[in-house]
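Student: Single-letter residue listing:
There are 2 protein chains.
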Amino acid sequence: MSEPVLISEVGPRDGLQSIASVMATPDKCAWIDALHAAGLREIEVCSFVPARLMPQMADASEVVRHATSLPGLTVMALVPNLQGAEAALRAGAHKLTIPVSASEAHSLANVRKSRQDMLREVRSIVALRNERAPQAPIEVGMSTAFGCTLQGVVPADEVVWLADELVQAGVDEVGLSDTTGMANPAQVRQLFGRVRSAIGERTGAAHMHNTRGLGLANCLAAHDAGVRTFDSSQGGLGGCPYAPGASGNVVTEDLVFMFEAMGIPTGIHLPKLLAARSLLQAGLPQEPLYGMTPLAGLPKGWQQPD
Amino acid sequence: MSEPVLISEVGPRDGLQSIASVMATPDKCAWIDALHAAGLREIEVCSFVPARLMPQMADASEVVRHATSLPGLTVMALVPNLQGAEAALRAGAHKLTIPVSASEAHSLANVRKSRQDMLREVRSIVALRNERAPQAPIEVGMSTAFGCTLQGVVPADEVVWLADELVQAGVDEVGLSDTTGMANPAQVRQLFGRVRSAIGERTGAAHMHNTRGLGLANCLAAHDAGVRTFDSSQGGLGGCPYAPGASGNVVTEDLVFMFEAMGIPTGIHLPKLLAARSLLQAGLPQEPLYGMTPLAGLPKGWQQPD
Chain A
1 MSEPVLISEV
11 GPRDGLQSIA
21 SVMATPDKCA
31 WIDALHAAGL
41 REIEVCSFVP
51 ARLMPQMADA
61 SEVVRHATSL
71 PGLTVMALVP
81 NLQGAEAALR
91 AGAHKLTIPV
101 SASEAHSLAN
111 VRKSRQDMLR
121 EVRSIVALRN
131 ERAPQAPIEV
141 GMSTAFGCTL
151 QGVVPADEVV
161 WLADELVQAG
171 VDEVGLSDTT
181 GMANPAQVRQ
191 LFGRVRSAIG
201 ERTGAAHMHN
211 TRGLGLANCL
221 AAHDAGVRTF
231 DSSQGGLGGC
241 PYAPGASGNV
251 VTEDLVFMFE
261 AMGIPTGIHL
271 PKLLAARSLL
281 QAGLPQEPLY
291 GMTPLAGLPK
301 GWQQPD
Chain B
1 MSEPVLISEV
11 GPRDGLQSIA
21 SVMATPDKCA
31 WIDALHAAGL
41 REIEVCSFVP
51 ARLMPQMADA
61 SEVVRHATSL
71 PGLTVMALVP
81 NLQGAEAALR
91 AGAHKLTIPV
101 SASEAHSLAN
111 VRKSRQDMLR
121 EVRSIVALRN
131 ERAPQAPIEV
141 GMSTAFGCTL
151 QGVVPADEVV
161 WLADELVQAG
171 VDEVGLSDTT
181 GMANPAQVRQ
191 LFGRVRSAIG
201 ERTGAAHMHN
211 TRGLGLANCL
221 AAHDAGVRTF
231 DSSQGGLGGC
241 PYAPGASGNV
251 VTEDLVFMFE
261 AMGIPTGIHL
271 PKLLAARSLL
281 QAGLPQEPLY
291 GMTPLAGLPK
301 GWQQPD
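From first to last, the protein sequence lines stand for chains A and B. Last residue of the first sequence? That's 306 in my numbering, and every number before it is there in order. Last residue of the second sequence? That's 306 in my numbering, and every number before it is there in order.
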């Protein structure tokens, strides 16, 4: 029996904040319920950002309160700053995830802070967590870890340096994100290997994009490098705004199919996961959904593990 | 410097015979020219089958004659039987590829022959080749090697047995095809590993489909298992008729991007490969083309190796 992997669903946050439509709160909750019923045990349900900047996330507290009623679910919220962290902990989020850019150019463009400023912000969030909710893990998703559309190459040494700084700042898990779809499997194996050498078991999730079709190959490479947590998005929700039709996030359905077919347990019931798609589509009738396994269906003779 | 890989383009045969439209001969030739100009050095240009069964391939001899005028190109033709092999060698094909099913049920359905009957057919093609064109290699693409939509599981022992029989019959290369999109990376590593143990350097191409999104991950797994030849199709041409929108063959553009990004030389010039797509589209204006790299474009800072 292979060691299980954890699929961390990011669609309700990463997916929904990337599209123009705003999903109604009851639809979000029904979709999260269906994901939970399919066996998802970690879901990034929202982002705590000002509603005027991101109306899709205006109901963040309500969604967190609903999601925390689901048994066995780790409810994760994205928080870009201390204020967001305060709101997330107040709403009862179980786990916080902070986006920190490996690329200085992307950091300045995305959050208008240098990486050093973000490290200071992370330290203040850790201090808040230690005081208010010491049981709540803090994850950093290190964006642009594999390359940046603004500055191009991101040196591996800087990724390793930043991972180390983040752990020293008190972060529990540091994952690597291929924000721009520039990663390749050789790089993924090497970079996760180096980060693991530096920070060991604090190495967090692989957050891969499918921008150039390499999403699953990069997840396989990350798995080879010892990664056991993978971010993905149902229906590949969260497209690349600069490349219409080019999906962004790895598709949860295809990722779960890959691992289950390999005999690597995900704890997810694939037919129920495929069924959850209809709740997502019902809440966003105009939005295109991606994924090959949903189109092709499960292979003849497919046995859902118990 | 990594060992190079050979990308064997199958679009002009596998792609074009899977669609309803018939591409005009001059359009086929112009597309093959563009693929050659991009650096492709093995192209499966046609199938020698009766024109009444497959009107898309009625110009097989003419296409072979054109393609053999291109310097440095290995011109491959698919031949399902002795009669096809005679016609292909007469036209001047450099290399023959014979489809042999690992699944007995698929063999009977596809070519109305048992596997034993196909082995006899292969022996007669080898005898013909030895007499008429001893320099022409014969490849077998073993279809349904990873599973079959008719019979379900295909035992690995039968794949290894058949590979061994084919080599004994005089075949130069035996590749494994995921005809039905059922392969997973763990299986790919294991099965190619076993076949390589049995037939060594006669182990041929990985022919992967992207039916459930695992095409590139399976190619990566095959590469890990020592495979150095990969079949793919420009634009993913050659869809799954039973799953609209679910592309069949691995997309050449994405596959080349993956290997080149990993620093594994393909000999292919990516911008020219992307440009060849417009010739394919010009010849088949109604046909949808797939591929993520063409949609997203090459990453910022992409350096085409010399």
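Be careful, since some hints might not be right.
What the simulated footprint calls covered on chain A by chain B, stretch by stretch (three residues with Cβ under 8 Å from a Cβ of chain B suffice, anywhere in the stretch; the number is not a length) [what the hints assert, rightly or not]:
| # | segment |
| --- | --- |
| 1 | 7 to 20 |
| 2 | 61 to 68 |
| 3 | 121 to 128 |
| 4 | 181 to 194 |
| 5 | 217 to 224 |
| 6 | 255 to 261 |
The hints are simulated quantities; they were obtained by calculation from the structure and are not laboratory data. Only a predicted model underlies this, so the values are computations on that prediction, with no experimental measurement involved. Each residue gets a CB set at the ideal place from its N, CA and C atoms; glycine is no exception.
Student: Does the structure break any of the earlier hints, and which numbers would those be?
Tutor: 1, 2, 3
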